[in-house]
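**Q** Given chain B, put chain U in place with the hints provided.
As given, the protein sequences belong to chains B and U, one line each in that order. Position in the first sequence (first residue = 1) + 15 = the numbering used here. Position in the second sequence (first residue = 1) + 15 = the numbering used here.
What the hints contain is simulated information worked out from the structure, not anything from laboratory work. You may find that some hints are simply not true.
No copy labels: a pair is met if it fits in one copy or bridges any two.
As the list claims (entries may be wrong) - The list that follows gives simulated cross-link-like pairs (lysine to any residue, SDA-like), each with its CA atoms no further than 20 angstroms apart: (1) K180 / L141; (2) K175 / N30; (3) K175 / R142; (4) K63 / R48; (5) K180 / L23.
Here the structure is a predicted model, which is why all the values come from computation and not from measurement.
Given next are the chains, with one letter for each unit.
There are 2 protein chains.
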Amino acid sequence: MSDKQRGLLVVYTGNGKGKTTAALGIVFRALGRGLPVAMVQFIKGKWKTGEGSFAEKLPELTFLVMGRGFTWESDDISRDKAAARAAWEKSAAIIAEGKHSIVILDELTFVINYDFVALEEILAVLRTRPAHVHVVITGRNAPPELVEMADLVTEMKSIKHPFEKGVPAQPGIDF
Amino acid sequence: MSDKQRGLLVVYTGNGKGKTTAALGIVFRALGRGLPVAMVQFIKGKWKTGEGSFAEKLPELTFLVMGRGFTWESDDISRDKAAARAAWEKSAAIIAEGKHSIVILDELTFVINYDFVALEEILAVLRTRPAHVHVVITGRNAPPELVEMADLVTEMKSIKHPFEKGVPAQPGIDF
Chain B
16 MSDKQRGLLV VYTGNGKGKT TAALGIVFRA LGRGLPVAMV QFIKGKWKTG
66 EGSFAEKLPE LTFLVMGRGF TWESDDISRD KAAARAAWEK SAAIIAEGKH
116 SIVILDELTF VINYDFVALE EILAVLRTRP AHVHVVITGR NAPPELVEMA
166 DLVTEMKSIK HPFEKGVPAQ PGIDF
Chain U
16 MSDKQRGLLV VYTGNGKGKT TAALGIVFRA LGRGLPVAMV QFIKGKWKTG
66 EGSFAEKLPE LTFLVMGRGF TWESDDISRD KAAARAAWEK SAAIIAEGKH
116 SIVILDELTF VINYDFVALE EILAVLRTRP AHVHVVITGR NAPPELVEMA
166 DLVTEMKSIK HPFEKGVPAQ PGIDF
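Only chain B is shown next, with the shape it has when bound in the complex (with noise of 0.2 angstroms):
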């Protein structure tokens, strides 16, 4: 494979809206290419959203929905880094495989901010992958060794954001 084929390892951080709206982007994106892709969402569990609705119509997606919502409501810790062990787990099969053209970690950088899985652990992963695989990372505070090792690092910066206002999050825009 030529260098300009290669995998990419691509990172949306930033605590402003649009990381994982991205990452669905991609996915949009990669169903019009017929590219086999996978989106694996390490927090999102428990509540329906409109991704996860559209992605069940469309078999020839592999969309995971593992988490167990957030920890800072969590019931369990010990079940939420269980959840994101096996959530990882899974991910990182999928990666080694290399069946999918395109794999996303949506929210991985909270399971590694967490501790939940160990940043090393999930480097190596990331290093030794198939030469073609895209990994897209999501989450806020990507650690530096993550940055360092991506080849597109995007920082959604909040600029302006409806809650301040007192607006909730809004069905098919935020969820």
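**A** For chain U alone, kept in the frame of chain B given last:
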């Protein structure tokens, strides 16, 4: 309609990757919720994209590719201006009609910054739109008046870009 359900004006701007991509993610979510959504692309036109191909398979999605490519590569700027004007008039009609819960104007800032359509004309349509209609605008260098009017603004900031390393745009990721 309560303020809690009002239509938002969302702006994705900045020099980083992920603006159009995030807008496509909003399409993905909206389709999952059964919300009518329209996307107008103001630059893309000539070339085939992943999003365009997937959109063709979705009869419930209004997806209009009305641009002529990048102006800095243009053979005829007056035709670009006419195309931008036509795309804007179509967009304004869709917004005013109110049938689509979400209307996405992809790369509209480009049209504003080239002065193909007057900013004041665009702001007037946004200001007087039906209260339930969400509008999402993408593109670099969003003008301050647009940021001022918006409810949610995210700056996609480039931290690291693969083109700097000589890696060209990747199908499925970039377009």
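**Q** Next, verify each hint and record whether it holds.
**A** Hints versus structure:
1. K180 / L141: Between copies only: 19 angstroms across, 40 angstroms inside.
2. K175 / N30: Answer is both; intra-copy 11 angstroms and inter-copy 17 angstroms each pass.
3. K175 / R142: Only across copies: K175 and R142 sit 18 angstroms apart there, 36 angstroms inside one copy, limit 20 angstroms.
4. K63 / R48: between (27 angstroms within a copy, 10 angstroms between copies)
5. K180 / L23: between (38 angstroms within a copy, 12 angstroms between copies)
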